[in-house]
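K.L.:
Letter by letter, the chains look like this.
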Amino acid sequence: MSIQNKNVNDVMLDIGSFPIVTDSTILKEALERMDDFRLGIACVIDHNSKLLGIITDGDIRRKLLVVQKPLAAFFIDDVINQAIKNPVTTSSEISLADAVSLMEEKKVWDLPVVDNSKLVGLLHLHSAAKALLEG
Amino acid sequence: MNDKVIYIGYDKVKKVKVGAGLPLAFFGGPCAIETKDHAFFMADAIGEICEKLDVPWVYKSCYDKDCRSAPDSFHGTGIDEGLQILADVRDEFGVPVVSDFSDASWAKATGEVCDMVQVPAYLCRQTSILRAAAETGRPVHLKKGQYMSPWNMKNSVRKLEAHGCDQIILADRGTFLGYGMLVNDMTSFPIMHKTGYPVCFDATHSIQLPTSMGNISGGQREFIPYLVRAAAGCGINALFMETHDNPTAALSDANTVLDLKYLENVLHQAKIVHETRLELLDKFGEDNVHPE
Chain A
263 MSIQNKNVND VMLDIGSFPI VTDSTILKEA LERMDDFRLG IACVIDHNSK LLGIITDGDI
323 RRKLLVVQKP LAAFFIDDVI NQAIKNPVTT SSEISLADAV SLMEEKKVWD LPVVDNSKLV
383 GLLHLHSAAK ALLEG
Chain B
8 MNDKVIYIGY DKVKKVKVGA GLPLAFFGGP CAIETKDHAF FMADAIGEIC EKLDVPWVYK
68 SCYDKDCRSA PDSFHGTGID EGLQILADVR DEFGVPVVSD FSDASWAKAT GEVCDMVQVP
128 AYLCRQTSIL RAAAETGRPV HLKKGQYMSP WNMKNSVRKL EAHGCDQIIL ADRGTFLGYG
188 MLVNDMTSFP IMHKTGYPVC FDATHSIQLP TSMGNISGGQ REFIPYLVRA AAGCGINALF
248 METHDNPTAA LSDANTVLDL KYLENVLHQA KIVHETRLEL LDKFGEDNVH PE
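These protein sequence lines are chains A and B, in that order. The numbering of the first sequence is this note's numbering, which starts it at 263 and goes up by one. The numbering of the second sequence is this note's numbering, which starts it at 8 and goes up by one.
Be a bit skeptical, because a hint or two may be false.
Keeping only pairs whose Cα atoms sit at most 30 Å apart, straight-line, the calculated BS3-like set for lysine-lysine is [what the hints assert, rightly or not]: (1) K59(B) <-> K325(A); (2) K201(B) <-> K43(B); (3) K331(A) <-> K290(B); (4) K11(B) <-> K380(A); (5) K347(A) <-> K268(A); (6) K312(A) <-> K11(B); (7) K59(B) <-> K43(B); (8) K331(A) <-> K11(B); (9) K312(A) <-> K201(B); (10) K369(A) <-> K380(A); (11) K201(B) <-> K380(A); (12) K290(A) <-> K268(A); (13) K11(B) <-> K347(A); (14) K347(A) <-> K201(B); (15) K331(A) <-> K201(B); (16) K290(A) <-> K11(B); (17) K278(B) <-> K24(B); (18) K24(B) <-> K72(B).
Okay, the calculated beta carbon distance ranges per label pair [unchecked claim]: (19) A334(A) <-> D266(B): 35 to 41 Å; (20) D297(A) <-> E55(B): 57 to 63 Å; (21) N310(A) <-> D110(B): 38 to 44 Å; (22) K331(A) <-> F183(B): 17 to 23 Å; (23) D276(A) <-> K115(B): 44 to 50 Å; (24) C74(B) <-> D276(A): 49 to 55 Å; (25) N222(B) <-> G320(A): 52 to 58 Å.
Keep in mind the hints are simulated off the structure, nothing from the lab. Beta carbons are placed, not taken as given, at the ideal position from N, Cα and C, and that holds for glycine.
Starting from the given sequences, assemble the full structure and let the hints guide the process.
P.N.:
Structural data, given as structure tokens:
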């Protein structure tokens, strides 16, 4: 399959292959999930798999530079309180080339993949780049 | 934040609702159950004051004081006699009742009588106690340990929730400042309220000087009204105060209980400050300065 014919669906990480947490997960646990998967992003969903927000390494870095409360209080905060509520997303049927262009435009490494309001996957730059290199 | 409302009371008692925007609730009574006659006297006297002030209230008294400093201090009536007296208070005065419990095996019987069960501050992170409290099916009054940060109480809340409890009130009763001294950090209220659950100020334990008298605790009762006004102004949903008609003769916490003759004074002030705060919220909006 040539790059022109590849869609996000062909290369995205499936559910279970990247960090997903719920809105009541505390930040510390979300960071642990990210570490488990060695990915710099966690997606926050509700009980219907609706994407509520994301938290990334960069978000944490920016928070750490401004947060004034004790680290313990920061860790135990609900992750949703620290998450980006309206992240850039894509859908599974979008062409991979368009999705990667969007990643470049928005300067992001990951795009949550949302179909019909449900989180169905994650497009990660590494797998996208690999697919592009393979042509 | 999803503000939760806690409903206290089953069967034929006057139900008490605790939560955001609601009238300030009062939890009060003698620290320990002494006799049935005394419990009835106190319930009658406190009930009259609360009715006059139109303050919803829950009668508080404990059957077993398991955290006394001295081995020969009054320990309580015991669970059977104590719970029977609390049941009699419910029947006679139609008021919800609350008692703490210090042993997980006491929880079931406590919950069968009491409209709310209380977890002592020293035990606020004990998993077995929290599980037992949750399993009573009653609302849980969970006091912040003197050694706990307010944000750490979320771990205790999660333990209760893990066992099916979604009716929780979090109380501050002071935080240790070194040895033998307690202070109140008023930011504990908004921090604990971030859990979504109502918060309560325990005024009479906050002025305690733990074991300052060697084998018993002292207290500076003169500061009760100051702290009550501060807490009510900061934002609480319930006020907890132990009271006694003859503090020097009280069998438990004699140095910290509020003399009954001052209860109306302090409670009235708390109600006024609470209502003023609600008016301020209406006028100026929620407390959302620098929410980030």
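K.L.:
Does each hint hold? Answer for all of them.
P.N.:
Do the hints match the structure? See the list:
| no. | hint | verdict |
| --- | --- | --- |
| 1 | K59(B) <-> K325(A) | 50 Å, violated |
| 2 | K201(B) <-> K43(B) | 40 Å, violated |
| 3 | K331(A) <-> K290(B) | 28 Å, holds |
| 4 | K11(B) <-> K380(A) | 28 Å, holds |
| 5 | K347(A) <-> K268(A) | 29 Å, holds |
| 6 | K312(A) <-> K11(B) | 23 Å, holds |
| 7 | K59(B) <-> K43(B) | 24 Å, holds |
| 8 | K331(A) <-> K11(B) | 25 Å, holds |
| 9 | K312(A) <-> K201(B) | 23 Å, holds |
| 10 | K369(A) <-> K380(A) | 23 Å, holds |
| 11 | K201(B) <-> K380(A) | 28 Å, holds |
| 12 | K290(A) <-> K268(A) | 36 Å, violated |
| 13 | K11(B) <-> K347(A) | 23 Å, holds |
| 14 | K347(A) <-> K201(B) | 19 Å, holds |
| 15 | K331(A) <-> K201(B) | 14 Å, holds |
| 16 | K290(A) <-> K11(B) | 24 Å, holds |
| 17 | K278(B) <-> K24(B) | 15 Å, holds |
| 18 | K24(B) <-> K72(B) | 27 Å, holds |
| 19 | A334(A) <-> D266(B): 35 to 41 Å | 39 Å, holds |
| 20 | D297(A) <-> E55(B): 57 to 63 Å | 60 Å, holds |
| 21 | N310(A) <-> D110(B): 38 to 44 Å | 42 Å, holds |
| 22 | K331(A) <-> F183(B): 17 to 23 Å | 20 Å, holds |
| 23 | D276(A) <-> K115(B): 44 to 50 Å | 46 Å, holds |
| 24 | C74(B) <-> D276(A): 49 to 55 Å | 53 Å, holds |
| 25 | N222(B) <-> G320(A): 52 to 58 Å | 57 Å, holds |
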